[in-house]
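Chemist: Chains as they are written, first to last, in the numbering used here: chain F, 3 to 347; chain H, 3 to 347; chain W, 3 to 347.
Keep in mind that the hints were calculated from the coordinates and are not lab data.
Being a predicted model, the structure only gives us computed values, none of them experimental.
Among the hints, a few may not be true.
No copy is singled out in the list; a pair is fine if it fits within one copy or between any two copies.
Stated by the list, open to error - Pairs of lysine to any residue residues, derived as SDA-like cross-links and limited to a Cα-Cα distance of at most 25 Å, are as follows:
#1 Lys56 x Gly82
#2 Lys128 x Asn153
#3 Lys6 x Glu64
#4 Lys86 x Asp134
#5 Lys56 x Lys68
#6 Lys247 x Glu155
#7 Lys193 x Gly169
#8 Lys56 x Val24
#9 Lys78 x Lys193
#10 Lys6 x Lys68
#11 Lys302 x Gln188
#12 Lys344 x Ile330
#13 Lys78 x Gln188
#14 Lys56 x Ile244
#15 Lys193 x Glu155
#16 Lys78 x Ser190
#17 Lys247 x Arg204
#18 Lys6 x Ser37
#19 Lys336 x Glu326
#20 Lys302 x His278
#21 Lys302 x Gln322
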Amino acid sequence: MITKTLKEIAALIGGTVDGENVTITGFNGIKEAKSGDLTFLADRKYLPLASHTKASAIIVSEDIGKISGPSVIFVKDPAGSFSKVVETFLKADHYVERGIHSTAVIGDEVYLGQNVSVGPCAIIQKGARIGDDTIIHGGCFIGFRTTIGANCEIYSLVTIRECCQIGDCVIIHSGAVIGADGFGFQFSGGKHAKIPQVGIVRIEDDVEIGANTTIDRARLHETVIGAGTKIDNLVQIGHNVIIGKNCLILAQAGISGSVVIEDNVVIAGQVGIAGHLTIGKGAVIAAQSGVIRDVEPGAKVFGSPAKPHIQAKRMDISLQNLPEAMRIIRDVLKRVGDLESKLKP
Amino acid sequence: MITKTLKEIAALIGGTVDGENVTITGFNGIKEAKSGDLTFLADRKYLPLASHTKASAIIVSEDIGKISGPSVIFVKDPAGSFSKVVETFLKADHYVERGIHSTAVIGDEVYLGQNVSVGPCAIIQKGARIGDDTIIHGGCFIGFRTTIGANCEIYSLVTIRECCQIGDCVIIHSGAVIGADGFGFQFSGGKHAKIPQVGIVRIEDDVEIGANTTIDRARLHETVIGAGTKIDNLVQIGHNVIIGKNCLILAQAGISGSVVIEDNVVIAGQVGIAGHLTIGKGAVIAAQSGVIRDVEPGAKVFGSPAKPHIQAKRMDISLQNLPEAMRIIRDVLKRVGDLESKLKP
Amino acid sequence: MITKTLKEIAALIGGTVDGENVTITGFNGIKEAKSGDLTFLADRKYLPLASHTKASAIIVSEDIGKISGPSVIFVKDPAGSFSKVVETFLKADHYVERGIHSTAVIGDEVYLGQNVSVGPCAIIQKGARIGDDTIIHGGCFIGFRTTIGANCEIYSLVTIRECCQIGDCVIIHSGAVIGADGFGFQFSGGKHAKIPQVGIVRIEDDVEIGANTTIDRARLHETVIGAGTKIDNLVQIGHNVIIGKNCLILAQAGISGSVVIEDNVVIAGQVGIAGHLTIGKGAVIAAQSGVIRDVEPGAKVFGSPAKPHIQAKRMDISLQNLPEAMRIIRDVLKRVGDLESKLKP
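Looking at chain F on its own, in the form it has when it is part of the complex (with noise of 0.2 Å):
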């Protein structure tokens, strides 16, 4: 860890100083914070803690008055704020070994930018191109004319296979995998036959790709990532899915193929979507949803199979006094009975 003193820090982050000049060596949550390191207060519910942080300074927002302990910096925006200075440390700490590492496997007709950074046993195939700054982290795999943009970061262990496209600023984590075969089959002879997957995967600028996540290449044409869209770890994406700009995707949600996601769509954790079909704008998706019907835009869904949040909402309440209300059925129609034995003729 790098050492910065509280001014360093306040002068990145346009903030005033209250309080000594102290030395900060590290970064914490306000409750798990120890002397050296930096926290700060993202709500103001939380005020009553940042007396007691064991934090050495705490960043605020500039309409809280003066806390007594920890130095303080203040600023607009203290959540943005500690982000940056959190990723400004970061990147002085350099833990990524730059340049082409040796044992990295480069094929013919390789087009690498400026300040590439290829780690140990990384494979890239012939005729790929990685652009400017973009770093390939040890053991992936970048296939046969694949191409990626400028400033990405590809960490360990990913495969992209050939002919796919990936814009700037696009990070991948480990494990992840584009452009493996969609899951296309036709039935004849009593056997299921590969119907051929020779599109790509395209994946525009400043994309998030999680950890072991899987993006099946279109049959014939493109399966594509919107920009600015977040998707989560072990993801599946299948073949020909088009998904729109700044959605954001949890873990272990499956997108069938050939889905349509417009854009600011949020598909939330284990949501399994059937095929073919459209997601509209800004929709919600609850967690452990099955969509089996387009989603007009703007909607929350919950439920699986997948119905209006109100109405899924009413139907779970429901069905919780229904073993209640079994026996009520039961009384009544017991009653009913009664009644109409007493008005026999």
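Chain F is fixed; fit chains H and W onto it per the hints.
Modeler: Frame of chain F; chains H and W shown alone:
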């Protein structure tokens, strides 16, 4: 891309050309196609699209009449013929470097058949055997004494651990792990003691296994994937599972230990199957189902817990009507009380 | 396989031999065993199988009398003794090449304990520390300053990113990714800005982690897996999750960020747990459950959303009777209407 004339293509698939002998440089779906592309008409209902496609040529069924616009190849099976053309084109466009790469690590007593390819940094451990024409891509790990048949393709970064047996014409996608230890522990003295997992995984001919899928080795004997079965991405197959022939298992399904799946079963995405069950021949399990009882041959089940398809559907409809039913019950209850009061002596 | 006589095996586990001192060349379950195999009788109820097994010898409990057919070893704990024999055999059958492979890439300032093995193309980055007798298999990536304890086995193609801490006697299966970034973004200006994830993952002693499982590093502090906890394949553990001791987490379960799981919890397959919840000591969560509230110590829950086991079961039974109940409600409604008509003045 290699270029071919329409007549060359028609000759390959035994079709009849109608229209100009255009040069084909790519393939695409009927909607996405552009000039130079070959496309196909899978189903009569899309016929209106055929005259508006930008493709230079289209493969259609013999019983379809003249089409205005693109050149046409008439064949018996448009989808199958199209796949054949695509595959032939692909093979012509050699993106796989053949031969044993200088950085591959081949252990002692390894047998490599004729025309085997082993990619960069692939590891083949002592005593393994690889059949003729099989391709092991870069970064794979093939364990001690594991055997792989002929004509297989093992994509980058696959692990196949020791002593497993893989048949002929098997495709394994990147990141799959074959033969990791089954999840077996004995609880004693407040701890989970590991039960040794010393069986193997045996995969028969013509199987395809998806990216990042995991298939555990048996405790003692073998986990089996039957011939012709196709498994999608991120699927979990537990130890001692026996899967029959020509099954389809979709993404993120999980099969617990010692389950028996008979031939021709279809298991949809995100299904879970509890341990030691039997799924009968030809059964179909709908997406996200949780199977906790044996499933009869030919049965269709869904839900969690899974129920016969018709029952589950009826339950879901009832459930949708439930909030309304609850109101009716409360109303009836009141009315019956009123009637009872009236009839009181 | 190494061969041993029955007497040698009996000596190893302190058992008494009855029958011929046969030579053992393999192990198998009581049904699958063939000549030369050793098997065992786990449970008295399988006793009828013992006389029909093709195994050459069988380990049984001391309180079981003479068995006709195979030779017998009498012991106190047949299952545990059998596991011990299998493990000893296995260790004798060295399939792990020991030592540091010439193609391993060991960074500067790396500390390797005594008798450490590092497989082909494994990458150990600057400043990492590996304890005595630990085995790192081929193709692994061990990050900057990560520490791994003694007696660990890290299978092929595992990633452990920078600065993580792994205890003693930890097993990590192929393809697992430890220490990828947590999924944390701040939405501002219409975009998801990345929140730096600079904490670590700390894994205590005697933990086992399944193939292709992902455990994210903390945002700032640490994600913790407690001693003795066993995690299956394809599990997702989010950032800042704290898991206690001796838990079992089955395949494809997903634990969202900042969840606290106390000791001895069992989480079945495909369970999802929402963020920031606490799962009390000894709780059991049934397969495919979706947990959206804290779970009390010792509680058993299932369903999505998860409910106490008894309530969920009662709800499921009511649900199965619901279509019939709906018919009764309609019938009662009509009959009450009839009664009301009759009583009208």
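Chemist: Decide, hint by hint, whether the structure agrees.
Modeler: Quick rundown of the hints versus the structure:
1. Lys56 x Gly82: This pair counts as within: shortest intra-copy Cα distance 22 Å, inter-copy 49 Å.
2. Lys128 x Asn153: both (21 Å within a copy, 23 Å between copies)
3. Lys6 x Glu64: within (22 Å within a copy, 69 Å between copies)
4. Lys86 x Asp134: Within one copy only: 23 Å inside, 39 Å across.
5. Lys56 x Lys68: Intra 17 Å, inter 69 Å, cutoff 25 Å: intra-copy only.
6. Lys247 x Glu155: Result: close within a single copy only, 20 Å intra versus 35 Å inter.
7. Lys193 x Gly169: between (39 Å within a copy, 17 Å between copies)
8. Lys56 x Val24: within (13 Å within a copy, 68 Å between copies)
9. Lys78 x Lys193: Answer is between: at 19 Å across copies they meet the 25 Å cutoff, but 64 Å inside does not.
10. Lys6 x Lys68: Answer is within: at 23 Å inside a copy they meet the 25 Å cutoff, but 77 Å across does not.
11. Lys302 x Gln188: Classified as between; 21 Å across copies, 35 Å inside a copy.
12. Lys344 x Ile330: both (21 Å within a copy, 21 Å between copies)
13. Lys78 x Gln188: Between copies only: 15 Å across, 59 Å inside.
14. Lys56 x Ile244: Between copies only: 21 Å across, 48 Å inside.
15. Lys193 x Glu155: So lysine 193 and glutamate 155 pass the 25 Å test across copies only (19 Å; inside, 42 Å).
16. Lys78 x Ser190: between (65 Å within a copy, 14 Å between copies)
17. Lys247 x Arg204: For lysine 247 and arginine 204, only the intra-copy Cα distance (13 Å) is at most 25 Å; the inter-copy one is 35 Å.
18. Lys6 x Ser37: This pair counts as within: shortest intra-copy Cα distance 14 Å, inter-copy 60 Å.
19. Lys336 x Glu326: This pair counts as both: shortest intra-copy Cα distance 16 Å, inter-copy 16 Å.
20. Lys302 x His278: both (19 Å within a copy, 22 Å between copies)
21. Lys302 x Gln322: Result: close both inside a copy and across copies, 22 Å intra and 17 Å inter.
When each numbered hint is compared with the structure, no violation occurs for any of them.
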